[in-house]
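Novice: The lines below spell out each chain.
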Amino acid sequence: MRKTILLSSLAVLVSAAGICWAAGMATVDQRGLAFSISKLVVKKGDIVTFTNNDNTSHNILVSGNGVSLNSGLQKPGVAFKAPFIKPGIYQVNCGIHPKMKMSIVVE
Amino acid sequence: MNRVFSSLRRGQLLFAMGASFAVGICGLSIAQAQSHGNSSASTIAVMLADFRRPLNIPAPEDNPITPAKASLGKALFFDPRLSGSGAIACATCHNPALGWQDGMARGVGHHGGVLSRHTPTILNIAWSEPLFWDGRAATLEEQAKGPLSAPAEMNMPLDRAVEILRANRGYRAGFAAAFPGEPITIDTMVKAIATYQRTVISGVAPFDRWVNGEAGALPEAAKRGFVTFETKAGCAACHSGWRFTDDGFHDTGLPGDDMGRAKIMPGLPILEHAFKTPTLRNVADRAPYMHDGSLPTLEAVINHYDHGYIDRPSLSPEVRRPKLTVQEKADLVAFMQSLSSHDRNVTLPNLPR
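Here the protein sequences come in this chain order: A and B.
Okay, so the first sequence: first residue is 0 according to numbering that gives the first Met the number 0, each after it adds one.
Okay, so the second sequence: first residue is 0 according to numbering that gives the first Met the number 0, each after it adds one.
Looking at chain A on its own, in the form it has when it is part of the complex (with noise of 0.2 Å):
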């Protein structure tokens, strides 16, 4: 059974800008030291979730658009989960294997 990491400060700032974003859900795979997307284009509101499907452990990191996430440790097998509020352009890559990078574009 898959672990979920859902970041609280997160969920305080979807709850304050008052919006629902249960609309759209995207899944990316982290599997083989690579994500599985290299650019990701979502609706303003929608939830990615990162799928750590290595048998190493990852760090997630979302920047961009004056927003700074940090999964912390993501062992094998667990999700973490982003939603994605502010339109704009993010970098996603992984604080442990550098070469981990893709970006998502919140539309």
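Calculated from the structure, these hints are not laboratory results.
One or more of the hints may lead you astray.
[To be verified] What follows is a set of in silico ranges between Cβ atoms, one per label pair, in the way DEER data are often shown:
no.: 1; chain 1: B; residue 1: Gly-266; chain 2: A; residue 2: Asn-54; range: 39 to 45 Å
no.: 2; chain 1: B; residue 1: Asn-211; chain 2: A; residue 2: Lys-85; range: 36 to 42 Å
no.: 3; chain 1: A; residue 1: Pro-86; chain 2: B; residue 2: Thr-296; range: 43 to 49 Å
no.: 4; chain 1: B; residue 1: Pro-316; chain 2: A; residue 2: Val-66; range: 43 to 49 Å
no.: 5; chain 1: A; residue 1: Lys-100; chain 2: B; residue 2: Pro-316; range: 17 to 23 Å
no.: 6; chain 1: B; residue 1: Ala-166; chain 2: A; residue 2: Pro-86; range: 52 to 58 Å
no.: 7; chain 1: B; residue 1: His-110; chain 2: A; residue 2: Pro-75; range: 45 to 51 Å
no.: 8; chain 1: A; residue 1: Lys-38; chain 2: B; residue 2: Val-345; range: 53 to 59 Å
no.: 9; chain 1: B; residue 1: Arg-171; chain 2: A; residue 2: Lys-42; range: 42 to 48 Å
no.: 10; chain 1: A; residue 1: Ile-88; chain 2: B; residue 2: Arg-165; range: 38 to 44 Å
no.: 11; chain 1: A; residue 1: Lys-42; chain 2: B; residue 2: Arg-311; range: 18 to 24 Å
no.: 12; chain 1: A; residue 1: Lys-42; chain 2: B; residue 2: Arg-165; range: 54 to 60 Å
[Unchecked claim] Each computed DMTMM-like pair below joins lysine to aspartate or glutamate, with the alpha-carbon atoms no more than 25 Å apart:
no.: 13; chain 1: A; residue 1: Lys-98; chain 2: B; residue 2: Asp-158
no.: 14; chain 1: B; residue 1: Lys-231; chain 2: B; residue 2: Asp-310
no.: 15; chain 1: A; residue 1: Lys-100; chain 2: B; residue 2: Glu-128
no.: 16; chain 1: A; residue 1: Lys-74; chain 2: B; residue 2: Glu-271
no.: 17; chain 1: A; residue 1: Lys-74; chain 2: A; residue 2: Glu-106
no.: 18; chain 1: B; residue 1: Lys-322; chain 2: B; residue 2: Glu-219
no.: 19; chain 1: A; residue 1: Lys-38; chain 2: B; residue 2: Asp-158
no.: 20; chain 1: A; residue 1: Lys-100; chain 2: B; residue 2: Glu-60
no.: 21; chain 1: A; residue 1: Lys-74; chain 2: B; residue 2: Asp-305
[Unchecked claim] Covered by chain B, per the in silico footprint, the following chain A stretches (three or more residues, Cβ under 8 Å):
no.: 22; region: 53-59
no.: 23; region: 77-85
no.: 24; region: 90-98
Think of the CB as a built atom: it goes at the ideal place given N, C-alpha and C, for glycine as much as any other residue.
With chain A held as given, fit chain B onto it using these hints.
Specialist: Okay, now just chain B, sitting in the frame of chain A:
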């Protein structure tokens, strides 16, 4: 609306294709390995599929590899005149006769000063970005500027290095051939050095021959060691792929106050005392080991990961106590010895005058 961007199906397909290919060409070696390990032939085939050597050397778009650039870069790499003392070249520490390292626990720089970390090899560095033990350089070109100009290392201001090169007729010709129509600058200097470094690649080792289907390329102990490396010992969690590195940063539980990657990327506790995973290619010929050069032998490294590390909050979750047997440790050493390619001697360049 539910949009799922998953590469699972594509990944599964590639995985299956890789496994099939490996089974097809490695049938004999897998049968041999099967009788000496705890893993099935199909499992070993899947493992081996991750270790195929690449066909091309990566290079940035604005600095493609050319013979003229590599030749110029080689001269620069071996030229001690590019140091403040006139006595230290890149190759002084990255000595091809010593596995492109220096054989010492910690590097020695300007006026004999001992540096704070072990000299890493430049073998296969074309694939190894970001560079340095703490990953502070994103590219090889950026990395080349560091040791040249660092007061504790080569102690050569980069502008002064360019002046020296511009005053040298041989270098002027070399740069003209490598960078037609461009002046000699810091940028072209480090591009040439980086290009040469990208050509420093470990040759085919017995392990590669085994991956390619030559059953007799490895002793049985090394085959068992490979399975232990991939499974019980957990080494492959970080030492993955054909270079045996994830190019990631991990706290391996060594003592000391060097914060490593955390100084470059503060705010992530897991990066405290974390250093870049080194390649294991030719590792048996590159003692001593670790970022501080504190472990003199492969046996000492295995014992460190087996029970010798410091358990602290930043310790990598991949470091675990595998409780290896004496036989398993010996097998791991045999496996790592199979990664040595015993490359041809490197010829020294005649330095431009």
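Novice: Taking the hints in turn, state whether each one holds.
Specialist: Structure-based check of all given hints:
no.	hint	result
1	B/Gly-266 / A/Asn-54: 39 to 45 Å	violated (26 Å)
2	B/Asn-211 / A/Lys-85: 36 to 42 Å	violated (51 Å)
3	A/Pro-86 / B/Thr-296: 43 to 49 Å	violated (56 Å)
4	B/Pro-316 / A/Val-66: 43 to 49 Å	violated (27 Å)
5	A/Lys-100 / B/Pro-316: 17 to 23 Å	holds (22 Å)
6	B/Ala-166 / A/Pro-86: 52 to 58 Å	holds (55 Å)
7	B/His-110 / A/Pro-75: 45 to 51 Å	holds (48 Å)
8	A/Lys-38 / B/Val-345: 53 to 59 Å	violated (42 Å)
9	B/Arg-171 / A/Lys-42: 42 to 48 Å	violated (58 Å)
10	A/Ile-88 / B/Arg-165: 38 to 44 Å	holds (42 Å)
11	A/Lys-42 / B/Arg-311: 18 to 24 Å	violated (43 Å)
12	A/Lys-42 / B/Arg-165: 54 to 60 Å	holds (56 Å)
13	A/Lys-98 / B/Asp-158	violated (32 Å)
14	B/Lys-231 / B/Asp-310	holds (19 Å)
15	A/Lys-100 / B/Glu-128	holds (13 Å)
16	A/Lys-74 / B/Glu-271	holds (18 Å)
17	A/Lys-74 / A/Glu-106	violated (30 Å)
18	B/Lys-322 / B/Glu-219	holds (21 Å)
19	A/Lys-38 / B/Asp-158	violated (40 Å)
20	A/Lys-100 / B/Glu-60	holds (19 Å)
21	A/Lys-74 / B/Asp-305	holds (21 Å)
22	53-59	holds (count 4)
23	77-85	violated (count 0)
24	90-98	holds (count 6)
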